[in-house]
Amino acid sequence: MSESSTVFPLLTVTAALPAAGAILTAAVPAARRTAAKWLALLVSLGTLVLAAFVVVRFEPDGARYQLTESHAWIEDFGVRYELGVDGIGVALIALTALLIPFIVLAGWHDADPLETRSRRWRPTQGFFALILMVEAMVILSFAATDVFLFYILFEAMLIPMYFLIGGFGDRAHTGSDENAAAQRSYAAVKFLLYNLVGGLIMLAAVIGLYVVAGNFSLTEIAEARASGSLEMATDTERLLFLGFFFAFAVKAPLWPLHTWLPNAMGEATAPVAVLITAVVDKVGTFAMLRFCLQLFPEASKWATPVIIALALISIVYGALLAVGQRDIKRLVAYASISHFGFIVMGIFAMTSQGQSGATLYMVNHGISTAALMLVAGFLITRRGSRLIADYGGVQKVAPVLAGTFLVGGLATLSLPGLAPFVSEFLVLVGTFARYPVAGIIATTGIVLAALYTLVLYQRTMTGPVKEEVRAMPDLKARELVVVAPLIALLLVLGVYPKPLTEIVDPAVRHTMSDVQQKDPRPEVEAAK
Amino acid sequence: MENLIALLVAAPLLGAAVLLCGGRRLDRAGHRLGTLLAAASFVIGAVLFFDMLGRGAEERALHQHLFSWVPVESFRADIAFQLDQLSMTFVLLITGVGTLIHVYSIGYMEHDERRRRFFGYLNLFLAAMLLLVLADNYLLLYFGWEGVGLASYLLIGFWQHKPSAATAAKKAFLVNRVGDMGLSIAIMLMFTTFGTFAFGPVLAAAGETGEGMLTAIGLMLLLAACGKSAQVPLQSWLGDAMEGPTPVSALIHAATMVTAGVYLITRSGAIFNAAPDAQLAVVVVGAVTLLFGAIVGCAKDDIKKALAGSTMSQIGYMILAAGLGPIGYAFAIMHLVTHGFFKAGLFLGAGSVMHGMNDEVDMRKYGGLRKYMPVTFVTFGLGYLAIIGFPGLSGFWSKDKIIEAAFAKGGTEGWILGAVTLLGAGITAYYMTRVMIMTFFGEKRWQPAPDADAVPSAEPAAEDHAGRMPHPHESPKSMTVPMILLAFGSVFAGGLFSLNSAFVHWLEPVTAFEHGHPPIGAAAVTASTVVVLLIGVGIAYAQYGRKPVPVVAPRGSLLTRAARRDLLQDDFNHVVLVRGGEHLTRSLVYMDHTLVDGVVNGTAASVGGLSGRLRKLQNGFARSYAVSMFGGTAVLIAATLLMRGV
Amino acid sequence: MSASAAVAVHSLWTTAAEPAADRIGAPAIEYAQLAPTLIVVGAAVVGVLLEAFVPRRARYHAQVFLTVVALAAAFAAVVALAAGGHATTKAGIVAMGAIAVDGPALFLQGTILLTSMVAVFTFAERRLDPAHHGHRVDSFAAEAAAVPGSDQEKAAVKAGFTTTEVFPLVLFAVGGMLVFPAANDLLTLFIALEVFSLPLYLLCAVARRKRLMSQEAAVKYFLLGAFSSAFLLFGVALMYGFAGSVSYARIADVVDGSVADITPALAGTMGNDVLLLIGFAMVLMGLLFKVGAVPFHMWTPDVYQGAPTPVTGFMAAATKVAAFGAMLRLLYVVLPGLRWDWRPVMWGVAIVTMLAGAIVAITQTDIKRLLAYSSIAHAGFILAGVIAATPDGVSSVLFYLGAYSFVTVGAFAVVTLVRDAGGEATHLSQWAGLGRRSPLVAAVFAVFLLAFAGIPLTSGFSGKFAVFKAAAEGGAGTLVVIGVLSSAIAAFFYIRVIVLMFFSEPKPEGPTVAVPSPLTMTTIAVGVAVTLALGVAPQYFLDLAGQAGVFVR
Amino acid sequence: MNPVNYLYLASLLFTIGAAGVLIRRNAIVVFMCVELMLNACNLALVAFSRMHGNLDGQIIAFFTMVVAAAEVVVGLAIIVSLFRSRHSASVDDASLMKL
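Going line by line, the protein sequences match chains A, B, C and D. If you're matching positions, the first sequence starts at 1 in this note's numbering and goes up one per residue. If you're matching positions, the second sequence starts at 1001 in this note's numbering and goes up one per residue. If you're matching positions, the third sequence starts at 2001 in this note's numbering and goes up one per residue. If you're matching positions, the fourth sequence starts at 3001 in this note's numbering and goes up one per residue.
Honestly, the hints are just simulated from the structure, not real lab data. Just so it is clear, CB atoms sit at the ideal spot from N, CA and C, and this is done for glycine as well. Among the hints, a few may not be true.
Stated by the list, open to error - In silico DSBU-like links for lysine-lysine, alpha-carbon gap of 35 Å or less:
{"no.": "1", "chain 1": "B", "residue 1": "Lys1547", "chain 2": "B", "residue 2": "Lys1371"}
{"no.": "2", "chain 1": "B", "residue 1": "Lys1477", "chain 2": "B", "residue 2": "Lys1371"}
{"no.": "3", "chain 1": "D", "residue 1": "Lys3098", "chain 2": "C", "residue 2": "Lys2158"}
{"no.": "4", "chain 1": "B", "residue 1": "Lys1477", "chain 2": "A", "residue 2": "Lys396"}
{"no.": "5", "chain 1": "A", "residue 1": "Lys498", "chain 2": "A", "residue 2": "Lys476"}
{"no.": "6", "chain 1": "C", "residue 1": "Lys2090", "chain 2": "D", "residue 2": "Lys3098"}
{"no.": "7", "chain 1": "D", "residue 1": "Lys3098", "chain 2": "C", "residue 2": "Lys2210"}
{"no.": "8", "chain 1": "B", "residue 1": "Lys1616", "chain 2": "C", "residue 2": "Lys2507"}
Said to hold, decoys possible - To give an idea of the interface, some chain B residues facing chain D are shown, with a C-beta separation under 10 Å as derived from the structure:
{"no.": "9", "residue": "Pro1201"}
{"no.": "10", "residue": "Arg1615"}
{"no.": "11", "residue": "Gly1620"}
Please model the complete structure; the sequences and the hints are all you need to start from.
Below you can see the structure in the form of structure tokens.
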């Protein structure tokens, strides 16, 4: 990447704004809780505007990486502060910036202190500050084109997430407070350790990469690999690949490294759960696409069969376990595991449809899960229980809530007309083109998805009205503001995803050429 | 002119959007708006129809390309419509019958506080169904395909407060999903084979690939059709779908949606023509379902379920016809249309009866109603005659042609199929006569209606007049008028279509047509048909007309009992799929906790244990520390020396 | 060798008929280059005099002032030397070959001086304990000689005595530490070792609270320390026997074989190298003992726990720096020729140290012991860098030492703040819910813990990355993997503490967080600042360490 | 008589000293054993010095004595204070801190 950076460091600013916002929010005095909330909301909206600029400034058919910035950082480690986005990065940055305001708004009251414990104790400020901090790190990691820089963010974002999970649990817990606190910190520690171990193994690989390549610039290394000027011994490449992939597979999460997700999403508040699955986990799948494939094309191809198999297992396994859940949030978590299986499968199918599909899937899954999970959160806060069995007949007392919940569910089972359908079908087609059997097995996922979604809806929303929910109020204005845009977005992207695909496709074309793969030509043409 | 096509879909879609998002303030006008938009869509359809007639047979097809939906490299799915004769037929049927049923529902749903939403769903259904038949590529068709599935889900479960309804809705959606798997796999196969899945290119290029591939595609499409059209083995949902309000049963589960499978197969004719094995499969499915539905229909005492069985069996006819290839397509569609008329009419009639009978559905508690609701009786009667194929009425023309075609298949196949279709006709006559007699003839067997939940499909009003003695009365105009109109259809449509086989020629450019010649001349076939149906009627009359009908159903033969339970198909599903599934998931949940999680926690625990043991070494005694130092040094020295090999 | 070399072995009954050796001239001492050490030691001596002549009331202030000024001056001297190019171009051997003034030496001296300075601030802290009889008290016994709980002690407390001797002791220790990594012959090495060890033994014994534990710690540390230095000395003897000299350069030459000097008699009885190897092993053992490497680590937890916390902090930081410095010099200057002998051994030690440290730490219940074990684990990581045996290895170790020492001092400084009636509340259970009580202190401590755990954006990560990178480039990939795994294990218990502080409900009778004087605040602030600075922008310090990466010989 | 024997003697004394440290309980005795080890070192140094015919070894020996003396001062101070507060000089009694 050339020393010449863009006139205005748009990406840095986009990431810096929430970071600064986080510090400010944290600094708000204890008494002025509401001010902190509004500050956080404004900052996140500002970030959204900046992200919009990024999208506008990005030319789909321009250079591969745009809005690049490059500054010296740590020469001794061959590390530079290098930013740049391709279509995939742009899409995901947009998604992140888009979701955070809703997360903030949805979590408006989640961190209100139950009783003022100490003058210095400011949970609310901390909650929103952490969310913004996460946003900053995620955005930066989507833009990082320096492996080391990415690694640092990849690891560092664990800490705020960890405090979000462990510090601000779902108040609708079962059993005693102590018990809930114990479960919560268990979930938080589990989350951190899983990802830390993944990260540390990646660290070894990162160091190995440095020893082999001598620097960390993604672009330089990729070029060197492509031009053949940088040779890697097969085994070395494979080991390094595995090191990277392991970390991303934990984050994604891929079977059998998934078990931290249900705990984390179950114990965290709904907005944080959305933050985990819709935003942070995307870094893992994104990194597979960005780093695994570009840095280690050969090894990627070598590992593909196994990874596809794991992805398949995740798809079916996740769906089946979702069917078996009693806890709404855990159900959504397992559904997400199944969906991440689709994403990984799409990435490693090594077809344009698969990879564009996977990228779209990341975005759409973000939105749909956000819609479903946030509504579920509203539902749970109303009734104070996460158990499906505690609900019934809600649609009679709160039709709007039920309706939005249903739409979210339909999106999760990827009904045509809603965004996820497009991506899921692309992934399926893309996979099928290369691995027909895998493609067919994966389609069973759509039946299972329908099963767990509809069962959830039936058990909670339909049937005779339960006593406890009789007095349940319908969605409030704030909540509608959160849900309505998401649903609108799902509909729009479901019918007109073209803008998104146009941004993503060129990037995918590049990735495909990185791994020297071409789409299999259709039989009939091939015959001609 | 082609720009109107989009409006066909847009009108009801708008209705759905407004009604569903509009909120309570629309409650008063909602139903009118919905009906209006449905009618509008019908008018547009009519306009397009006459415009189409104005053009020569070959350039009748219209195209409208709205925008590109999912463009990814070679994968191109567009939002584009294709209106040819086949689609046009469906458009008219859907919008026409749809509008009538909207009107009917105004009266029928009067007392339901959620009527606005009901009309919203109906409009949504119309939009989706029109999308399905107008799509110019399989993916867009899939869009409509699942759209109608959603609408049907919402409408079957419209009375969500009833667990039975909610369950039925879920079941319908799930079973359909299984079918959808087939459709999506078929699309993938097309994409990998032809590089596209637009009707034009695919059907044009169908010849260029191997028969094996085409058979695969065909079978997948058939699976899809089975799901949507309630064909064996995916038929189980249709009976439960009767939980929905009767207009829904009439529109979706009789006239239109359930026939989508027939549309799909006819539309993909080119593929099936080149894949005989697939065709055979289609025929077999059709034949089996035909009998299956008929048998079930004979045993049901719930009037709607009886009709549902008959629907299944009639669609079996269509599928079978479609499976016969060019000799059958036209008749399949023709029967589809006529069936649309009389089955819708029958259902509306049934609805009207229930309306008058406190939503009682058990025919054993009817009887002698002809005096109390004459209009219903007449219209229902005409529908009855039509469906059993009474010479001259719609059903006769279409069904007879199918039977002919079946024989015309030739060879042993031909004979078997012919026999089956004939037998089917007989059974149809039997169970329809049974329904007719139990409902409108004989002495009255009314009883106080039990409360809602006991009756599998009590309608919402049931609560308020539970326990009161029913006083049958004719339904309001808004309900009778549609019935009358449909009755006209069921009487004359068939005849009209068959005037110098207008319908066949109308469809010929799309489906192609070759004249089938049954080994025993057409006249013979017709004759035998009539004979068979007379036999059927006769037996029914002997059983139900001559002696009084017991109010409590007799135990009945093994077959009867099996038939009452949909030939045990649900029990099979329950034991194998539901139970098995539950066990599977439960054990998986357990495994996830113990095995996958256990490994990790186990490792952590073992490290902890190791830590605990190592800790013991730190026993606080300086001298033991010294020992370890001494030992360490010794090892150090030894190691250093060993390195040197000294 | 003198002419007497001809005589194979002198008969013991005849005095060596030496021709009068040429007159011994006055040694040439380069005072400028020795300035840092001289300043500190001089100040120490002055400190002793202060104890003798300054009235008790004024002693504390006088001593603190003297100590801080001395350390600052010494640091200034180091900087001056470095600026004067003594770290690079003008690097050389001074004091008749006894001491080397070169990059590593100056870098380490600078680090030691800075760490000691911030550590001394915690020594001087007198606001944490409530005042006794109107006298502010620090964390040292009123009268170390008095029997705990005796009337004599009560009297001493009443009189407001304080053990201001700690300051000169610290200065002496620092003086020794300054020489230790610069020592250029085995004798200097040994003396320096003793010079900084003996004061530490004493410092361990003078805690104000928990005096029995303090004394016990002192005894253990002393006996084992003496034990180990005996080993070291014997090793020195053997190496002297091998090379006939104790100067590093000379020994190195002999090891390289550039000097053919084999005493025939010895050759007859045993292979020279055996002397060398055994000697090396024993010297190495002495150093490994100081850095607390397994299996010579067992004193660490007990001493760290028993010693007064400020002393622990000082000891943990400065001693490690000095000892690793000496080890680097020994291995890189004296025994590069022996690399193929010592690397495998060190591999073993490093692996065992990393794993044992991390694993045993998991089940600790006392914060000070926990930190002790963590320091053991870190010793293992640093050893990985030492093993690299490349200039990169040196600079990475230097960097790591710098980063680590500040984190350590800071962490122990925080430990001094959390107190209950019985003094410092070091049991982990008492730390529950600290984050709720005083979020700031908890947050600061969390930062230190994360640095220990090597989370990115903290100095711990930069350091860890540096040493692992060096190790990997030095061909010790396996070591890196093991290091990574053990730091994964280590992460667990750092996180456990964080969980305890933030996610568990505070106990009603839990400890309070004392509000310290600016002194401790400075210590902690500096610790945090350095931790974050080295985490976010380590480049400058990496450059420093990089330039300082070459030993003079 | 071969001076190498002095080396053997030295190592012997050293080992005895080390053994004493490991075996004896009384802190004072342990300490004396350490001194013995130091003296063993001295012996070795002197012997080597003699062999090599240079004085370094002997110089070191002198330094060692000084150091040993210093150690005695510090050591006894600590041990005595321990003894006074516990009324026992046994090393094993001083085991409050463990695990």
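Outcome of the hint check:
1. Annotation: proposed proximity of B:Lys1547 to B:Lys1371 holds, straight-line Cα distance about 20 Å (limit 35 Å).
2. With a CA separation close to 18 Å, the supplied pair B:Lys1477 and B:Lys1371 stays within the 35 Å bound.
3. Distance hint between D:Lys3098 and C:Lys2158 is fulfilled; the C-alpha atoms sit about 33 Å from each other, no more than 35 Å.
4. Restraint check: the Cα-Cα separation between B:Lys1477 and A:Lys396 comes to about 31 Å, which is no more than 35 Å; the hinted pair holds.
5. A hinted pair counts as satisfied when its Cα atoms are at most 35 Å apart, and A:Lys498 with A:Lys476 qualifies at roughly 33 Å.
6. Distance restraint check for C:Lys2090 and D:Lys3098: the Cα-Cα separation of roughly 49 Å exceeds the 35 Å cut-off, and the hinted pair is therefore not satisfied.
7. Taking the CA atoms of D:Lys3098 and C:Lys2210, the gap is about 15 Å. The hint holds against a cut of 35 Å.
8. With a CA separation close to 29 Å, the supplied pair B:Lys1616 and C:Lys2507 stays within the 35 Å bound.
9. Given hint, B:Pro1201 at the interface with chain D, is violated; its Cβ is 78 Å from that chain's nearest Cβ, farther than 10 Å.
10. A hinted interface residue such as B:Arg1615 counts as satisfied when its beta carbon comes closer than 10 Å to some beta carbon of chain D; here the least separation is about 5 Å, so the hint holds.
11. A least Cβ separation of about 3 Å between B:Gly1620 and chain D falls short of the 10 Å threshold, and the interface hint therefore holds.
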